[in-house]
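2 protein chains.
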Amino acid sequence: MTLEKAMADYKDLDRKVIKLSKQIVLMCTEAGSGHPSSALALVHITTALMYRVMKYDPRDPWNSASDRLVLSEGHAVPVVYAAYCDLGGVVGTQTNPSLLRFEDALTLRAADSVLDGHPNPAIGFPFFDAATGSLGQGISVAAGLACGARLDETARTIYCIVGDGESREGQIWEALDFIVDHKLLAVRTIFNCNHQAQSDYVSAQQSAEALTGKLLAFGFEVKVIDGHNWDEVFAALTAPVTDKPLAIVARTIKGWGVKELQDRTCHGKPLAEANIPQAMADLDAKADELGVADMPDTPAVALKVPARLDKAPRNRVISAGAFSEALKAAGMEKALETRQLSTRKAYGAALASLGAADDRIVALDGDVKNSTFADIFAKKYPNRYFEARIAEQNMFSAGVGLAAAGKIPFASTFAKFLVRGYDQIEMAAVSNANLKLCGSHAGVSLAADGPSQMGLPDLAFFRAFARSKRVDGQPACRVMLPCDAVSAFKMTEMMANIDGLCYMRTHRPDVPMIYEENETFETGGFKHLIDGEDLAIVSSGYMLHICKKAVEILEQKFGLSATLIDAYCMPLEADEILQIGDDCRGQILVVEDNYLGGIADEITAAAARSDLGVMVTTMYVRSIPKSCREPAETLKLVGLSPEDIANTAQSVFDKSE
Amino acid sequence: MTLEKAMADYKDLDRKVIKLSKQIVLMCTEAGSGHPSSALALVHITTALMYRVMKYDPRDPWNSASDRLVLSEGHAVPVVYAAYCDLGGVVGTQTNPSLLRFEDALTLRAADSVLDGHPNPAIGFPFFDAATGSLGQGISVAAGLACGARLDETARTIYCIVGDGESREGQIWEALDFIVDHKLLAVRTIFNCNHQAQSDYVSAQQSAEALTGKLLAFGFEVKVIDGHNWDEVFAALTAPVTDKPLAIVARTIKGWGVKELQDRTCHGKPLAEANIPQAMADLDAKADELGVADMPDTPAVALKVPARLDKAPRNRVISAGAFSEALKAAGMEKALETRQLSTRKAYGAALASLGAADDRIVALDGDVKNSTFADIFAKKYPNRYFEARIAEQNMFSAGVGLAAAGKIPFASTFAKFLVRGYDQIEMAAVSNANLKLCGSHAGVSLAADGPSQMGLPDLAFFRAFARSKRVDGQPACRVMLPCDAVSAFKMTEMMANIDGLCYMRTHRPDVPMIYEENETFETGGFKHLIDGEDLAIVSSGYMLHICKKAVEILEQKFGLSATLIDAYCMPLEADEILQIGDDCRGQILVVEDNYLGGIADEITAAAARSDLGVMVTTMYVRSIPKSCREPAETLKLVGLSPEDIANTAQSVFDKSE
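First to last, the protein sequences are chains A and B. With this note's numbering as the guide, the letters of the first sequence map in order to residues 756 to 1412. With this note's numbering as the guide, the letters of the second sequence map in order to residues 756 to 1412.
By construction, these hints were calculated from the structure, which means they are not laboratory data. Treat each hint with caution, since some may be false.
When chains are identical, the list treats them as one kind, so a pair holds in a single copy or across two.
[To be verified] No farther apart than 30 Å at their CA atoms in a straight line, the calculated lysine-lysine pairs in the DSS-like style are these: (1) K1089 / K1135; (2) K999 / K1059; (3) K1282 / K1134; (4) K1135 / K1024; (5) K1014 / K938; (6) K1282 / K1024; (7) K1024 / K1089; (8) K1059 / K1224; (9) K978 / K999; (10) K1059 / K1410; (11) K774 / K1041; (12) K1024 / K1083; (13) K774 / K978; (14) K1391 / K1303; (15) K810 / K1066; (16) K1224 / K1410; (17) K978 / K1135; (18) K1059 / K810; (19) K1135 / K1083.
The whole structure should be built from the sequences, with the hints applied where relevant.
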């Protein structure tokens, strides 16, 4: 048999599969952990994709026109690493790239290796677009990449591999709906049906038959294949595009080629070193059976590489223009006279202006665009707006995909419903995705709808990321807490220009404008709004207006003069605020309309490590609220009315004497 | 037409529907907010259920044998309130109940009303089992109630109403899989297909036809009905039980009976007072059309009431027995010699012992039971174990349903994957559900699997609830941070005996036992493990072992003696710890293996409001980790090795001099 004939018969790929399988087994044993059995189930599909089907150059993972692979079941990653190392793929950064060699696969999971336990592009593995491993998120990422490809008018195909057990995650079905809604035919999803999950066989609800039925009902074209049969694998992967998105249900064998790893108890277990010889013998026997035992390993057939497309550099400054012009453009000119506007409306106006300034700006919303005011953008730029319906998890992960495609996605919903996607948001942070989040109707000022609609633990959660750093030393998340329309507008613009994850919190009620339209804001900063001497009150967002009333009461009722500070972001540089507190008889009162864990903690943490001896008193939502008809009633209910604040401030002042 | 004849023709129900519809319109206008159009779409289905089909007594919502209604689309609640008020339903608590009258419906959303904006049992509306309104959670709750009913051997039926737009939420499909897996035929799900969501019509993916196809593919029997046709409604609701769970796809009209409310822009909008007369005229015209304009309102047909079943009182003490006996029973007797055991294994042993002690103990896990060690319980009590597969959202909401059925559910998965259900967990807190959570593999000691598997923002999130109070003044969540097998065992037992939501964090590695088996623990408490004088180190969980090593280094390398405190829970009573810090030269060092927001913040908050002047230095995970092969490497990577801690402690000590 000539080499040409062998290659035509896929014999070269059979040879490759044996080589990669051995490496998968060895690298997991070397690492002392990992999921070789899951990786082996995918060895044919991954080999077909990475050596033949995908149009890409392993030496240029940054080409925005090339095909992509999203490995949703991230634990199967050794198969991709083995192939990418064999292909001499490039890792690192675009300015500081390096080439992998086959042996590098053995660095799997080492502290200084970019071959993390699960796909992790942020540490230097740019073949992947998003960190996966928390299951069920990959199809959404692929969908976001496809949205980006459509905007870029590139013909790239996004392949996504999903586990059968994983397909129990509800997000999978959100993503499939989203793909059909937006006709994202560039996504090809492969369900890896090896019939085993971690602790048991998969449910009959996730059998290949059941998945096929479900996929058909969701509007997909479905091809059911043997995932180890080259003809079937290639026919499915390269099937012509029809008017329906394609899903491939691939029956596979967990632990393919290695008997010990086919046992049901072998999920996530590498072989003991003593059992490696038997595994190698198993694979040699497979090679014999396939007739490739003596065939030399061949290089990859020259892959098709699409013309290079660069993403726009992240550092190009995007301007939202003048506040007043943006309001006029959004039909909110009346607010320029009344000087009353909610922060959520200003977000909407800013988003639309940013959209006009730069076509990388895209938006998503979860069926509340008329409440978050993303609908202004949606109407002006319908091709750059992706309605995600009532499915928040998919929305955030699709945003990660859009960001990976070089877009600047803004995803909005109620702050309460953002909680639905906190896992996806955490994975966005791990991915270092350039995703912008806006949570509206935060705090308790939503009042009448009750606690199921109020955003309350949000600052605690996002502060955890604001105080955690990315590889480049920047905060994993920037948090924006605008108190008025001007600051909401400017902070929306800031978010567009920050490289990385940001969260902005907006409120429902219309509020007076505190700032003039030329006011500027910066990350880490704060504003000293009122200068007093008896104590310092620190607040943000909607509560700043309530604190202003409290300051008036303090003066009228108690004859006290209070400083008022707008601490509008996290991480917050609090040392200067402590200094101001020190000048105000050493007393600071922090007021928030969320559960504990936000700016109060920023300031107490600073105080506890400082030797100024400033005392910090905190007021926040200390009980689960209920409905009230008016915001003022809710504030009273949770002890945050202007009178409550003034009374607490007065008792704080008493302590200082 | 005689009254008897009219009633046989459902004319009495037509009359009732007009009465309730008017009240729905009026109560929302009175409240100034609410969702009358959604409520009107359900007026026939709800009337059929609450006046005829459900076997229950509105005067005894605490009967555990009666049928239940879970309103997943919580915003449609005015229809239930109107009916329940008309029926003279009971609200309040079992010890302090009160009867509603028809007019009470007009108190909707008032600060002192139990008729919250969305279903909210915790404030005194016991007709409902769980707070809903964050969408997509109701079927899971219903499934949990059905699991409970099976264990109680009661024949109750759980009706659940879901919106069509809402059925986009992935959790819906997780719940349906769970129902099929566990053959929960007691659940009857009604999809309210009014074809409108908030900001637009629903997607074609959520049309009645599409939903029907999907439900069939998921293994349901489906009945498609006109939701305003009595014959079809009753036939579907009372259809005989088959071997498949039943789903009813009901085509309905949003804003039924009131023209203005049928407009697409009317989601969540009450009528202006000026438009009330027209709405009343619309409904009067409907009454004419139905031939019931002159018919008197009739009382409910006597409802069938099942024999009373009381839940076991929550305050019966449950003992896990002796630690050593439990370990033996779990096959872990070897650990009694080695005195080495991971906290996750001790959780598993404790859970199994609790299961032996009390049959209210039930467990759920998301396909990681062999990692969380819930599998010991699963094997011993298979009928009380509900495998939730890889679908965390459904697992937590099903736990809420089980708790509402009087069970004490323990739900476990990796701490990382708990994040997937933070919204569901928040709703459990709002519901005051007696749910116990265990997050395993917390912190960075998982090492090799990388950040997609590590639980890091968990303490920030759960502290927000630990520092928020329920109606009865108790913390909305208790957080347990065991450092060894004994404390994990005892804290699992504590959780079973606390009334309400609890979260316990366990770690992967085996660690030495610090406590003797007769040690006792209490909420809010801490342990003074090592007595030193140069500074106080406060830690918990796995890090306590690392801090012990740091204390040794401090003594050997720097000649310093450090106090070591195990702060094992939140909310933490930190004042006494501050006092200890004050005795240790006024310096406290807090060490955690999570992102900021946990016990460090508990202590800094206490320090900042105290006048002791204690300085607090904090060490926590300040960067997003990556894979390392060994825990020690990860600790070093994130700056939390014993040496890092000792060096920081030394510099803290230097400050005190």
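30 Å Cα cut-off: does K1089 pair with K1135 within a copy, between copies, both or neither? Result: close within a single copy only, 20 Å intra versus 68 Å inter.
K1135 and K1083: within-copy, between-copy, both or neither at 30 Å Cα: Result: close within a single copy only, 14 Å intra versus 68 Å inter.
Which holds for K978 with K1135 at a C-alpha limit of 30 Å: within a copy, between copies, both or neither? Neither: 39 Å inside a chain and 41 Å across chains, both beyond 30 Å.
Using 30 Å as the alpha carbon limit, work out where K1135 and K1024 are close: within a copy, between copies, both or neither. Answer is between; shortest inter-copy Cα gap is 25 Å, intra-copy 52 Å.
Are the CA atoms of K1282 and K1024 at most 30 Å apart within a copy, between copies, both, or neither? neither (55 Å within a copy, 37 Å between copies)
Can you give me the call for K774 and K1041, within, between, both or neither, at a CA distance of at most 30 Å? within (11 Å within a copy, 76 Å between copies)
Given a CA cutoff of 30 Å, do K1224 and K1410 count as a within-copy pair, a between-copy pair, both, or neither? Answer is between; shortest inter-copy Cα gap is 26 Å, intra-copy 38 Å.
Intra- versus inter-subunit Cα pairing at 30 Å for K1391 with K1303: Within one copy only: 16 Å inside a chain, 47 Å across chains, cut-off 30 Å.
Pop the pair K1059 and K1224 into one bin, within, between, both or neither, using alpha-carbon distances up to 30 Å. Close neither inside one copy (38 Å) nor across copies (61 Å); limit 30 Å.
Intra/inter-copy verdict for K978 and K999 if alpha-carbon distance must be at most 30 Å: Both: 12 Å inside a copy, 28 Å across copies.
Intra/inter-copy verdict for K1282 and K1134 if alpha-carbon distance must be at most 30 Å: Answer is neither: 35 Å inside a copy and 60 Å across each miss the 30 Å cutoff.
I want to check one pair: K999 and K1059. Are their C-alpha atoms no more than 30 Å apart within a copy, between two copies, both, or neither? Classified as within: same-chain Cα gap 25 Å, cross-chain 50 Å, threshold 30 Å.
Of the numbered hints given earlier, the model fails hints 3, 5, 6, 8, 10, 17; all others are met.
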